[in-house]
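Below, each chain spelled out in residue letters.
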Amino acid sequence: MEKAIEVRGLLKDFGEIRAINRATFDVSKGEIFGLIGPNGAGKTTTLRIVSTLLQITEGSVSVFSLDVREDAARVREFISYLPEEAGAYKNLSGKAYLEFMAGFFSSGDKERQQMVGKGVEIAKLEERINDKVTTYSKGMTRKLLVARALMINPRLAILDEPTSGLDVINAQEIRGLIKDFVRKGTTVLLSSHNMLEVDFLCDRIALMDKGKIVESGTPPQLKKKYSTSNIEEVFMEAVR
Amino acid sequence: MSNFTNILKKEVKELLTPQMIVGIFIPCIMLVFVGYAMGGVMGEVAGGEINLAILDDDDTKNSKNIIDTLAKQENITINALEKKETEHAIEEAKEKGVSMLLVIPEGFGSKIDQMEVAQIELYSILKGFGMREMASTAKVQFVIALINEETAMRNIQEAVPGKNPIGLLHPILPIDFLVIKEKVAPGNPAQLVGVMMSQSVMIPVILMIVVMYSSMMVITSMGMEKENKTIETLLTLPVKRTNIIAGKIVGSSVVALLMAGVYMIGFGYYMQAFTQPAQGQLPASIGLADLGLTMGPIEYGILGISLFLAILVALSLAMIIGVYTQDVKSAQTMIMPLMFMVMIPFFLLMFMDADTLPLALKILLYAIPFSHPIIASRALLFNNYLPVIGGIVYMAGFALVTLWLTVRIFNTDKVLTAKLSMKKFKMRK
Numbered sequence: 001m002e003k004a005i006e007v008r009g010l011l012k013d014f015g016e017i018r019a020i021n022r023a024t025f026d027v028s029k030g031e032i033f034g035l036i037g038p039n040g041a042g043k044t045t046t047l048r049i050v051s052t053l054l055q056i057t058e059g060s061v062s063v064f065s066l067d068v069r070e071d072a073a074r075v076r077e078f079i080s081y082l083p084e085e086a087g088a089y090k091n092l093s094g095k096a097y098l099e100f101m102a103g104f105f106s107s108g109d110k111e112r113q114q115m116v117g118k119g120v121e122i123a124k125l126e127e128r129i130n131d132k133v134t135t136y137s138k139g140m141t142r143k144l145l146v147a148r149a150l151m152i153n154p155r156l157a158i159l160d161e162p163t164s165g166l167d168v169i170n171a172q173e174i175r176g177l178i179k180d181f182v183r184k185g186t187t188v189l190l191s192s193h194n195m196l197e198v199d200f201l202c203d204r205i206a207l208m209d210k211g212k213i214v215e216s217g218t219p220p221q222l223k224k225k226y227s228t229s230n231i232e233e234v235f236m237e238a239v240r
Numbered sequence: 241m242s243n244f245t246n247i248l249k250k251e252v253k254e255l256l257t258p259q260m261i262v263g264i265f266i267p268c269i270m271l272v273f274v275g276y277a278m279g280g281v282m283g284e285v286a287g288g289e290i291n292l293a294i295l296d297d298d299d300t301k302n303s304k305n306i307i308d309t310l311a312k313q314e315n316i317t318i319n320a321l322e323k324k325e326t327e328h329a330i331e332e333a334k335e336k337g338v339s340m341l342l343v344i345p346e347g348f349g350s351k352i353d354q355m356e357v358a359q360i361e362l363y364s365i366l367k368g369f370g371m372r373e374m375a376s377t378a379k380v381q382f383v384i385a386l387i388n389e390e391t392a393m394r395n396i397q398e399a400v401p402g403k404n405p406i407g408l409l410h411p412i413l414p415i416d417f418l419v420i421k422e423k424v425a426p427g428n429p430a431q432l433v434g435v436m437m438s439q440s441v442m443i444p445v446i447l448m449i450v451v452m453y454s455s456m457m458v459i460t461s462m463g464m465e466k467e468n469k470t471i472e473t474l475l476t477l478p479v480k481r482t483n484i485i486a487g488k489i490v491g492s493s494v495v496a497l498l499m500a501g502v503y504m505i506g507f508g509y510y511m512q513a514f515t516q517p518a519q520g521q522l523p524a525s526i527g528l529a530d531l532g533l534t535m536g537p538i539e540y541g542i543l544g545i546s547l548f549l550a551i552l553v554a555l556s557l558a559m560i561i562g563v564y565t566q567d568v569k570s571a572q573t574m575i576m577p578l579m580f581m582v583m584i585p586f587f588l589l590m591f592m593d594a595d596t597l598p599l600a601l602k603i604l605l606y607a608i609p610f611s612h613p614i615i616a617s618r619a620l621l622f623n624n625y626l627p628v629i630g631g632i633v634y635m636a637g638f639a640l641v642t643l644w645l646t647v648r649i650f651n652t653d654k655v656l657t658a659k660l661s662m663k664k665f666k667m668r669k
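Residue numbers (my numbering), protein chains in the order written: chain A, 1 to 240; chain B, 241 to 669.
Honestly, I wouldn't trust all of these hints.
Unchecked claim - Below, a list of computed lysine-lysine pairs in the DSS-like style, where the Cα atoms sit at most 25 Å apart:
#, chain 1, residue 1, chain 2, residue 2
1, B, LYS301, A, LYS138
2, A, LYS110, B, LYS249
3, A, LYS110, A, LYS225
4, B, LYS253, A, LYS90
5, B, LYS323, B, LYS301
Derived by calculation from the structure, the hints in this document are not laboratory data. Bear in mind that the values here come from a model prediction, so they are computed numbers and not experimental data.
Construct the complete structure from the given sequences, taking the supplied hints into account.
See the structure below:
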């Protein structure tokens, strides 16, 4: 299957701290690939590198066959990154924020309005979409950000804890939405602490610990390999 | 809409909040208010009405002459008094709201006739200790000068009939001339410095306000991106880093220019209060054009380039500093060194000329890019283009290097990872 992301021997140091230690994995087109692991495992750093935000110490990362170092500008045309602790511009309304973001991905006003319409639909903020972001709750802001990330129909969505801060109902809705987008051709690379979410969403997962990929495969494969009933137990067994 | 325009619009919307607008207008309104209040007082000092009461205990031809002279003055209103004793006259004057009481004692006329020094008593009736009371001193001086002049003239006329009393009283009338390069024009150095100061102080003030506001806006914008955690998303958008930097710089400048413009209006009203000529003093009528001390369109153009480059340097430096901020609060603290860089030339050059400074200070002054527009504003008046062009070249180089550095930094991951660690600094020490 054609690769959306290829990570080879990725190494990232922050001074004396090694955040990622020779990680290697692939993500196929149209796949939902999950990175799971404890805090400080290197998940966010990996996502940031794939998103062209951080530089690589060693190794290589390519997105749709484009090197993230050499062709960062072109890679940004295909991706949509949702950081874990992202915020939106507080003095803009939710709709103005979506319009601002759509402006970078649309070729004309019509396409831009279509994207914004889609964003409004995904965010489900009703009339509050016209209020300033500063008046939003954490959950409302997160929904707006998810809408922003998906409304542009990205070829690759990089989602760091996509349902963080959302209640059960909203989180479930977002998971369904991500699945819908994948059906329409979007590839998703995500990270999550929520093992149930990963089990439900991901076609394949990689378990990260201390900057290393300790295991990877489909959730059923891994559960079978470690003879466990859930991914949480797989993880505990894999890092033991 | 281009990416640059999109970012520019967002920057303006983000920075121009209702709180910010209130923050712009309140100092402006305060300056206008203070300016008007000061202007009223200064106006009173300069040529306000003198409300005078006179108690004439002398009742002679000489005392009447003085009263007639004072009554003929347009700015003096004479109030009649019923009381005949000083203490009661003071009370009556207070009741009538009179600000000054002139008492001409008995024997005044005879002393004047004998050409001896005669005393008069002037009572300034104070209602407080504010600026307004300063006016009474000037008014007293004015009334005394008027009485002295009038009495002296009459004495001279009587003593030396047929002669011009002015020629005897003021036998020498100096006419001052200034020579600057090949130009000669009427005036004296004090007048020239006064006029030059009032004009040349505006350039540093404009520069300081615009640079301060615009660099504050840029760094606030960076602080907000980090505080609101929007910077990561912004940097993964398909936008050239140069567009992000340009959008931030131009957007912040638009808001800063708006703020500076509003502030300057307030400042203009405030300064008007101090530009009134003092009582009896003629307004400075020095001909700067006759001395060639005026700027034409070319000079204004050059000064504009110099100001623009100084602002560009400040903005790109603020962007670099902004990379190291964590939030708006830290941004406003970290901008202080830049503010000092703007203030040093402002205060040094307000009171001194660059050429008169010690060598070390001179080097420091020329090394600070923000000195050059101030130096240029003066040098251009004297058609001294060399330091101006030198300053422009220096600032252009400085701006290019800082802008290049800014773009370089934005192309690395320093925007996300850089922060100033004071802990580390302390530990190393």
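Quick rundown of the hints versus the structure:
Only pairs whose Cα atoms come within 25 Å are accepted, and B/LYS301 paired with A/LYS138 is rejected, the gap being roughly 92 Å. Restraint check: the Cα-Cα separation between A/LYS110 and B/LYS249 comes to about 19 Å, which is no more than 25 Å; the hinted pair holds. Taking the CA atoms of A/LYS110 and A/LYS225, the gap is near 51 Å; set against the 25 Å cutoff, the hint is violated. Note on B/LYS253 and A/LYS90: the hinted pairing holds, with a Cα-Cα distance of about 10 Å set against a maximum of 25 Å.
The straight-line distance between the Cα atoms of B/LYS323 and B/LYS301 is roughly 21 Å, inside the 25 Å bound, and the hint therefore holds.
The structure fails to meet hints 1, 3 from the earlier list, while all remaining hints are met.
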